[in-house]
Amino acid sequence: MPSRAEAITAAPSVSLDRVRAAFPALAQKVNGHPLVYLDSAATALKPQSVIDAATAMYAVDCANIHRAVHKLSQRATAAFENARAKVARFIGAGAAREVVFVRGTTEAINLVAQCYARPRLGPGDEILITGLEHHSNIVPWQMVCEQTGAKLVVAPMDDRGDVPLAGIEARLGKNTKVVAVAHVSNALGTVLPVRAIARLAHDAGAAVVVDGAQAAPHLAVDVADLDCDFYALSGHKLYGPSGIGALYGRAALLSEMPPYQGGGDMILSVTFERTLYNDIPHKFEAGTPHIAGAVGLGAAIDFVSEVGLAQAAAHEESLLAYAHERLGAIPGVRLIGTAPKKIGVVSFVMESAHPHDVGTVIDAEGIAIRTGHHCAQPVIDHFGVPATCRASFGMYNTTAEVDALCAALGKVNALFG
Amino acid sequence: MSELRELYQETILDHSKHPRNFGLPDGGGQVGEGYNPLCGDRLTVKVRMEEGVVTAIGFTGSGCAISQAAASTMTEAVKGLSAADIEALFARYHALVTGEDGEADLDLDLDELGRLAVFGGVSEFPMRVKCATLAWHTLREALAGRGQLARTEE
Chain A
272 MPSRAEAITA APSVSLDRVR AAFPALAQKV NGHPLVYLDS AATALKPQSV IDAATAMYAV
332 DCANIHRAVH KLSQRATAAF ENARAKVARF IGAGAAREVV FVRGTTEAIN LVAQCYARPR
392 LGPGDEILIT GLEHHSNIVP WQMVCEQTGA KLVVAPMDDR GDVPLAGIEA RLGKNTKVVA
452 VAHVSNALGT VLPVRAIARL AHDAGAAVVV DGAQAAPHLA VDVADLDCDF YALSGHKLYG
512 PSGIGALYGR AALLSEMPPY QGGGDMILSV TFERTLYNDI PHKFEAGTPH IAGAVGLGAA
572 IDFVSEVGLA QAAAHEESLL AYAHERLGAI PGVRLIGTAP KKIGVVSFVM ESAHPHDVGT
632 VIDAEGIAIR TGHHCAQPVI DHFGVPATCR ASFGMYNTTA EVDALCAALG KVNALFG
Chain B
11 MSELRELYQE TILDHSKHPR NFGLPDGGGQ VGEGYNPLCG DRLTVKVRME EGVVTAIGFT
71 GSGCAISQAA ASTMTEAVKG LSAADIEALF ARYHALVTGE DGEADLDLDL DELGRLAVFG
131 GVSEFPMRVK CATLAWHTLR EALAGRGQLA RTEE
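Residue numbers (this note's numbering), protein chains in the order written: chain A, 272 to 688; chain B, 11 to 164.
Calculated directly from the structure, the hints in this document are not laboratory data.
Every residue gets a Cβ at the ideal spot worked out from N, C-alpha and C, and that includes glycine.
Be careful, since some hints might not be right.
To be verified - Each pair of labels, with its calculated beta carbon distance range: (1) Met-137/B with Thr-669/A: 47 to 57 Å; (2) Glu-417/A with Met-137/B: 30 to 40 Å; (3) Tyr-593/A with Val-63/B: 55 to 65 Å; (4) Arg-125/B with Gly-534/A: 55 to 65 Å; (5) Glu-596/A with Gly-90/B: 51 to 61 Å; (6) Pro-602/A with Asp-24/B: 13 to 23 Å; (7) Pro-47/B with Ala-522/A: 37 to 47 Å; (8) Gly-37/B with Gly-476/A: 53 to 63 Å; (9) Pro-529/A with Ser-12/B: 52 to 62 Å.
Unchecked claim - Chain A residues, not near chain B, derived (Cβ > 12 Å throughout): (10) Ala-557; (11) Ser-576; (12) Glu-636.
Based on the sequences and whatever the hints tell you, model everything.
This is the structure we're talking about:
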């Protein structure tokens, strides 16, 4: 089997037209205009192969997993476990059992907070996060702090939307037990140097938890290379179904951790006196999981691999450079988040109009962007704005769509200016 | 674009750019705080009632054109009204912006709504109803005097 780096660089070149043709949602018109979907950071569109794979789990291989001996159950179980293996390979996990299926990144982080951090932490201990985190990498840790008496420490973000390594290093100490960071900021697109952060954190004796929701669709993730202890991702941002995600955790840590929820499938044996828990990862997967979602996620990984993550990333990078240049030239547009290392996310505000008005006006042109605080209120507060507009790219976006966005923003200026 | 023009009528654009009664009136009065968690808009409304009617009202805060214009037009519309009048006017206004006048059976009379009738276009944009109603919820919270944060309803 080729190494992960080889698999990515050796991927065949797929034309943009062919990529676009794979996404049925792109074929529609919105408000009389062809859809311009610039909200992939909220959720990515789904290729037909993902929709078909998920549908087949209802239409054909419709059975519960890990239970019955009948054929359909065997096929469903195989498809589900095959999807787990695909996730493991995609992120460079050493073994499939290090991948726990969850509802998404939010549940993954909550699982780590409750099952790893909560039993270990006490008063005096510290959890270090950064100033650019999504609420899902803030609130679960605040909850653990309330439960254990530990303290939440925040490494600040600078005015470009970057988190200087020195600010992290300065806040690491013998009391730091967990360092939880985004790989990529959802609101700004900033890429954090996770490998360097992990090295510093491990030197200080802290476990490293990475929120990879925005990174997994755009960067080659290799958890072994990053040397993180936990890595969380969401299927729906990776061109897969919603309601499914994955948590990578080092086998040794997962094995030590208590279960997240109790129920079926997470046990070896149950009596009223004593229950033996199942092995990892099943210990963390109580109840019937989102089988079709997991299989759809596996299909999404196949699709991304076929296109080639490197090719998609290069395309998105060129879109980002083009969008920065074009948007920056529109009167009254202020770009929010200009860190040197970014993925395809452009956050901005306009002098003439509030982001919600911008969103409504350009929606009339069939253009979908996100407006608001992007579930990252501290980030938005830092820049002294109530909200931002955010255009975010997927592998299917085009420079013509950036042009359409700019033309629509011209209309915003005409209406409100 | 026609629905958009319906939404952003000249009156609304004018009030959003030049809000009336911006700033809180000096002296006594009841204060309400409003927050729309969807967009982060925050609004403060201060109202003074004398002999049962509004004699002074003002607001501060920031938000989109719809929310600023809604607050501005509201402050003009409610002067001289009693709390009961305001409730009745709000019911009509709410029916207008949600497009639920049929269900509410309020026999929506645009004349009674006066200038507020320009918000009729909001009903075509369900995501923007909260923008149009935040100021009203905040005023009602101020009048109720419960000291709770006004939130736009689902």
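Going through the hints against the structure:
1. Met-137/B with Thr-669/A: 47 to 57 Å: violated, 27 Å
2. Glu-417/A with Met-137/B: 30 to 40 Å: holds, 33 Å
3. Tyr-593/A with Val-63/B: 55 to 65 Å: holds, 58 Å
4. Arg-125/B with Gly-534/A: 55 to 65 Å: holds, 58 Å
5. Glu-596/A with Gly-90/B: 51 to 61 Å: 54 Å Cβ-Cβ, so the 51 to 61 Å window holds.
6. Pro-602/A with Asp-24/B: 13 to 23 Å: Since Pro-602/A and Asp-24/B have Cβ atoms about 22 Å apart, the given range 13 to 23 Å holds.
7. Pro-47/B with Ala-522/A: 37 to 47 Å: Because 40 Å falls inside the window, the suggested range holds.
8. Gly-37/B with Gly-476/A: 53 to 63 Å: holds, 60 Å
9. Pro-529/A with Ser-12/B: 52 to 62 Å: Holds, at about 59 Å.
10. Ala-557: The claim holds: Ala-557/A sits with its nearest Cβ about 31 Å from chain B, beyond 12 Å.
11. Ser-576: holds, 36 Å
12. Glu-636: violated, 9 Å
Hint check: violations occur at hints 1 and 12; the rest are consistent with the structure.
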